[in-house]
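Using the sequences and the accompanying hints, generate a full structural model.
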Amino acid sequence: MLKDITIGQYFPGNSVIHRLDPRFKIIITGVFIAMLFTADNFIGLGIGMVFLLVSFLLSQIPFKLMLKSLKPIIPIIIFTSILNLFFLDGVVLFKLGFIKVTYEGLRTSAFMIIRIVALIMGSSLLTYTTSPITLTDAIERLLSPLKKLKFPVHELAMMMTIALRFIPTLIEETDKIMSAQKARGADMESGSLLQRAKALTPILIPLFVSAFRRAEELALAMECRCYQGGDGRTRLRQLHSTGTDFFALGISIVFFDIIILMNCFLG
Amino acid sequence: MSVIKTENLTYTYSIGTPFEKTAVDNVNLEIEEGALVGIIGHTGSGKSTLIQHFNGLVKPTSGKIYVDGQDIWAKETKLRDIRFKVGLVFQYPEYQIFEETVYKDIAFGPKNMGLPDEEIDRRIKETAELVGLHKENLYKSPFELSGGQKRRVAIAGVMAMEPKVLILDEPTAGLDPKGRDKILSQIKEYHQQKKSTVLLVSHSMEDVAKFADKILVMNKAQLFCYDDTPEVFKRAGELSNMGLAVPQITRVFNRLKQSGIDIRTDVYTTEFARKTILEYLEKRGGERA
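Here the protein sequences line up with chains Z and S, keeping their order. Using the numbering used here, read the first sequence as starting at 36 and increasing by one per residue. Using the numbering used here, read the second sequence as starting at 39 and increasing by one per residue.
No wet-lab data here; the hints were simulated from the structure. Do not take every clue at face value.
Unchecked claim - 27 angstroms max Cα-Cα, derived DSS-like pairs, lysine-lysine:
| id | chain 1 | residue 1 | chain 2 | residue 2 |
| --- | --- | --- | --- | --- |
| 1 | S | LYS113 | Z | LYS211 |
| 2 | Z | LYS211 | S | LYS258 |
| 3 | S | LYS59 | Z | LYS103 |
| 4 | S | LYS163 | S | LYS142 |
| 5 | Z | LYS211 | S | LYS43 |
| 6 | Z | LYS211 | S | LYS202 |
| 7 | Z | LYS211 | S | LYS123 |
| 8 | S | LYS59 | Z | LYS99 |
| 9 | S | LYS173 | S | LYS142 |
| 10 | S | LYS97 | S | LYS113 |
| 11 | Z | LYS233 | S | LYS178 |
| 12 | Z | LYS211 | S | LYS116 |
| 13 | S | LYS178 | Z | LYS211 |
| 14 | S | LYS220 | S | LYS142 |
| 15 | S | LYS97 | S | LYS123 |
| 16 | S | LYS149 | Z | LYS211 |
| 17 | S | LYS123 | Z | LYS233 |
Shown next as structure tokens:
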């Protein structure tokens, strides 16, 4: 069950999208999110969706994987659409007791669903096509101007890298500890909510202990290799931007402009 | 009567994805009650997955497992009862310790079984003594103890459930030779005292050769053989071809045989080697005279 987590999972490949400079990919994703939130009519939103669809097809990510990334947000989608559907005033389409559905409600909830789905798919596309390490590298580079303000950019990026690195390790560890406690007769599947929360102690304590142990070991290993922060550090992977990157950014800005124009003409 | 029996046991990981892999392939096996079995095999040969089937932690893709003649995946079987019957000590078991005191941690298993307090107390004291934990350590926090002692606590935690079958996955990994021999002899003592079945997974052929009556060899997800220890070591050549290191002493005797000396090759402990060599010399001396 723990193995089903896909958020932040990299899907290796060699498509145009995979090869884009990660810094540009982050900026383009930002532009895409801006597109979704500036669009205030369906045509604008449709243009955003076309943009998403084209990048998605270019990335050669299996469609199934994309759907999987949507699974955890289904409750959020249902919740927001219900709120919008029933609680917005306007032209009443039909009424059933105290429940009434308005035209505005229907429109807003459809709009919200498309927006959320596109948002998640767009950002998953970024994480599916960029390995976590390159992603944090790019974040560090993008944030580097903040260094002038004494903001610890390198440290932040290093923390993110380490956190990402240890997610699979800790998941595996949790699985192992759970099996070990089950073998001693721990019962995690039945009982009241309180009993189940209590049954988590035998898992959480060893997990914390081992996380701290790993942290200490890692810190020691880093110090042994003379790690002392970002100053004067060179990189194994240099980021290079090419014509394709600028072209991709250009295209996304064009899409953004079209959406703004749509807002002016149709809004 | 066999205490664990498998029929065409097969387990496949991540079915339907590119990572699909068969870890246990059609294993048919019968383990007799009271046996002390060594399980050996390469990393990734499926031995860890196999033993996790025996107490129902892993559900087979196909095939059946019987514990005490009971199909453990039958509807009416309670898996928890099976887990009390088949105790499993994982690799590096010290990382599963969580209680405030050693006493409480050993009590976790027996408590889950719903035993009365006096019985739990008796079992804790008995197993603590068996694994060589001092009485004053029982009321200490387990996190104050050394690595080797923590491992003993964790092993005692499973032993205290007094399972019919005790399975240990590499109980000596990461210990020094002295600690290794100590834990192994304590396991052997438990086996003799409780007359229970013990399955011991190990990398070290030497350890297995010294302690086990029978050996189970896994190779590439399949059961290579399950037989009495001398019988298994007669096949030393095949074992080496698999990449399993046979005990050094067995290798010596195989080489002697290869160089034309007429000597038996099912030798796997130093004591037996000494006896064999003396016998051989005596025989040859007799011939000469």
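>> For a quick check of understanding: which of the numbered hints are violated here, in increasing order?
In response: Of the numbered hints, all hold.
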